[in-house]
Amino acid sequence: MCGIFGVMDKRRQMMDGSGIREALSMMNERGSGEGAGYVAYGIYPDYRDCYALHVFFDNACENKAIVDATLEQWGSIECDEAIPTCDQLNLKVNCTPWRYFFKPDASLAPGSASPEKDVVTNLVMQINACANGAEIVSSGKNVGLFKASGWPEDVADYYRIQDYEGYIWLAHNRYATSNPELWERPDPFNLHDWSVVENGKTTTYGANRRYVESFGYNCSTGTDSEVIAYLIDLLTRKHGLDINLAIRALAPPYWDEIDRMPEAEQNLNRALRFAYGSATMNGPFTVVAANPDMMVGFTDRGKLRPMVVGECGDRLYIASEETAIRAMEPKVESITRPAAGEPVIGRVAP
Amino acid sequence: MNSNFGSMPLRYRISIDREQCMECGRCVENCPYGVFRWDGERILINSRNCTACHRCLTYCPRDAIMLQEHPCDYRSHPVWTRGVRESIYNQARTGKIILAGMGSVANLPIIFDHLMLDACQVTTPPTDPLREPVELRTYLGKKPSKLEFTQKPNGDVELSTELTPNLMLETPIMLGHMSYGALSLNAHVAMARAAKETGTFMGTGEGGLHPGLYPYQDRMIVQIASGRFGVNVDYLERGAAIELKLGQGAKPGIGGHLPGEKVSADVSKTRMIPQGSDAISPAPHHDIYGIEDLPQLVNSVKEATERKKPIFAKIAAVNNNAENVAAVARSGVDAIAIDGFRGGTGAAPRVFRDHVGIPIEVAIATADRELRNQGLRNEVSLIACGSIRESADVIKAIALGADAVYIGTAALVAMGCRVCGNCYQGLCSWGIATQRPDLVARLDPDVASNQVANLIRAWTLEITELMGAAGINSIESLRGNRDRLRGYMLDEGLLEILDVKSVGA
Chain A
34 MCGIFGVMDK RRQMMDGSGI REALSMMNER GSGEGAGYVA YGIYPDYRDC
84 YALHVFFDNA CENKAIVDAT LEQWGSIECD EAIPTCDQLN LKVNCTPWRY
134 FFKPDASLAP GSASPEKDVV TNLVMQINAC ANGAEIVSSG KNVGLFKASG
184 WPEDVADYYR IQDYEGYIWL AHNRYATSNP ELWERPDPFN LHDWSVVENG
234 KTTTYGANRR YVESFGYNCS TGTDSEVIAY LIDLLTRKHG LDINLAIRAL
284 APPYWDEIDR MPEAEQNLNR ALRFAYGSAT MNGPFTVVAA NPDMMVGFTD
334 RGKLRPMVVG ECGDRLYIAS EETAIRAMEP KVESITRPAA GEPVIGRVAP
Chain B
7 MNSNFGSMPL RYRISIDREQ CMECGRCVEN CPYGVFRWDG ERILINSRNC
57 TACHRCLTYC PRDAIMLQEH PCDYRSHPVW TRGVRESIYN QARTGKIILA
107 GMGSVANLPI IFDHLMLDAC QVTTPPTDPL REPVELRTYL GKKPSKLEFT
157 QKPNGDVELS TELTPNLMLE TPIMLGHMSY GALSLNAHVA MARAAKETGT
207 FMGTGEGGLH PGLYPYQDRM IVQIASGRFG VNVDYLERGA AIELKLGQGA
257 KPGIGGHLPG EKVSADVSKT RMIPQGSDAI SPAPHHDIYG IEDLPQLVNS
307 VKEATERKKP IFAKIAAVNN NAENVAAVAR SGVDAIAIDG FRGGTGAAPR
357 VFRDHVGIPI EVAIATADRE LRNQGLRNEV SLIACGSIRE SADVIKAIAL
407 GADAVYIGTA ALVAMGCRVC GNCYQGLCSW GIATQRPDLV ARLDPDVASN
457 QVANLIRAWT LEITELMGAA GINSIESLRG NRDRLRGYML DEGLLEILDV
507 KSVGA
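Chains A and B, in that order, are what the protein sequence lines are.
Quick note: the first sequence uses the numbering used here, first residue 34, plus one each step.
Quick note: the second sequence uses the numbering used here, first residue 7, plus one each step.
Warning: the hint list may mix true and false statements.
Below, a sample of chain A positions facing chain B; criterion: calculated Cβ distance under 10 Å [unchecked claim]:
| hint | residue |
| --- | --- |
| 1 | P117 |
| 2 | G239 |
| 3 | A304 |
Derived CB-CB ranges, DEER-like [unchecked claim]:
| hint | chain 1 | residue 1 | chain 2 | residue 2 | range |
| --- | --- | --- | --- | --- | --- |
| 4 | B | A289 | A | N212 | 54 to 64 Å |
| 5 | A | N155 | B | T170 | 31 to 41 Å |
| 6 | B | G499 | A | N155 | 24 to 34 Å |
| 7 | B | G161 | A | D120 | 50 to 60 Å |
| 8 | B | T170 | A | N212 | 37 to 47 Å |
| 9 | B | I103 | A | N155 | 25 to 35 Å |
| 10 | A | T210 | B | Y494 | 49 to 59 Å |
| 11 | A | G144 | B | I103 | 34 to 44 Å |
| 12 | A | D289 | B | E168 | 41 to 51 Å |
| 13 | A | L141 | B | G161 | 30 to 40 Å |
Don't read these hints as lab results, they were simulated from the structure.
Just so it is clear, CB atoms sit at the ideal spot from N, CA and C, and this is done for glycine as well.
So here's chain A without its partners, still in its complex pose:
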């Protein structure tokens, strides 16, 4: 179930959202028309130093005051406005998407190596944990997330994503299994730098959630991608793992494979499984994740879900289906299907 798509331009050349809309809708048979979403990096150059908070209000009149007040406590709002939308016949609107450009007060997280991100993390956890009619769906610098219950085309047209230009895009076509009416439920999920789309359903949600919540994260939606976004943030930002090792911790090799490695590598891999046993994801999944500097794709170690990688010039594509890549890049130069446990990591040129 679900179709996922990611594209990154290594030289930060911008792509508008129309091609991504085409690509995602090529995978409509993987979805159920009850959820689609897009996230793009580089879309807010005028506010590049602010954290862009995309928020869903059940009711802008009642719920906005609470968020305004909370944000003023944690920092300052540079600008806020309704996200421009255009009603679609097939889309039942049940919330109001809003965006804030926000500067966190770094002095509220003294002693932290990344105080602004700590403030934003706390803020997101605080607002999303409460039943206050507001849900922050993305919170990164120069990043924005657009999602709703509907087919990919309708969601794209509702948010007019062709009007946004980004150098990394992730997109998700949802086959709903629960709460089809909730707009915050479909992928992608985002926490400041990191955004995640997943095709699959892990069998370790409970174990992973218990682990990540013991570090102060709060999983409010019950979906895999939310936990995965928090796990990646924890492992890379708080535990200082490089992305290669973080992916290895989340989807480690089998013990039999580790036993056959040279000694130093064996020690490293054993240590990762020792330390991060509770973070290990099990069950079928393909995850594509991005931050401002990279896009990565990885699967469960049995590769029970598809992952196709395409390359063309400066562009790297990762998708559930080749056809989605070809829809956006008919002249794609190479198509590969990485083996189970073989992550794909693409970095933006510095």
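Once you've looked at the hints, dock chain B against the given chain A.
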């Protein structure tokens, strides 16, 4: 002792079908309790001595022997049960504490039986263990919470975190601590061989290590209990790990008692106590009067063994279990075994066995939660013990938060034990809980070790299948994964404590 009670109604009645019986006398030879005796050509029966050990039934070639429990009961009464009345008669006559063998007989609900396991259907596929790997390999010991790396000049990163020693188990099932003395040498040898064959470990209990077990010492966890029986540096060095026994689920808060009848010459040598003397271990360790004394003991044991071996601690599950576990986790130990109130024993006061402590399911769940809340979960592994009866109990204990389990009674049953509960008499007809040479000789270690190994293999296969069905291919993904459990007919308070949802949720 005088009393006006006369004799109690029979607990068991043994009868012989005289038409079937061929007077071969196997029952007379096999019963160590003196139920059968020759009277000329005829076999006479004294049912009063029967323990329901089934040895006679098993060895009667004609199936001529029949056993009936409670052939004549008291007037039935829901409050003044047979057990209650007989305890009173017994204590009115003797003025003593009543001893009992094996685990609790209190008729309380078993939480394990009210926990249902999950399986995959369409949103995720089950894993087929015949075709794909499902990893049961378990490491017990301290794990780092975070890793440190150093950058080499060529840009490679190198792990600088040093891993502390862990025990590697091929399956999360270990054989729990039952001492040589309580059990026979043949029983110990059988279990030790089974542990070696199945890639797991066995506890020595507090009775020292008999030289007959030296060939299996790399599979033995040597125990230090409050009596310090059999403990010297040679003993510590032989073990693969060392366990400090701080408590026992069958009798929390009190020490141990091995009756002098079981202290044979060999047991006396292994325990380092005089032959025929009762071995009584004190209630506390007399060098641990406060929690701050425990790290000192842990450290001295670690120093004595050059920090090469994991150190375990075993505690009984009581009301403030979470607090006890968190305290022990800070003492430097590498694993904590928690023994639930249904845990077995060779001998314990009945009132303790049936009334003190809390269930292992609750103890593991609260321990795991408390350790996670305090950021200590990677400091120690958790071992669940006390009435693990089948593979489903193992998988449920792990889903509640355990790393592995100890089994005790189940291993004895695999060797032939019928759970008659008379271990303290020292007359075990199966050669398991006795030191009488002719009885010990009845247990062939080759045969018994194969049976114990088979049990571990069978459970391991069942766990593999259950994990595969749940789409989980490594044991650490099962640990603490309470989302994969549902409570059936458990009350709301208990569900909250267990952090398990109700069926249907």
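Worksheet item: Hint by hint, which ones does this structure get wrong, listed from lowest number up?
Response: Hints 1, 9, 10, 11, 12 contradicted; others consistent.
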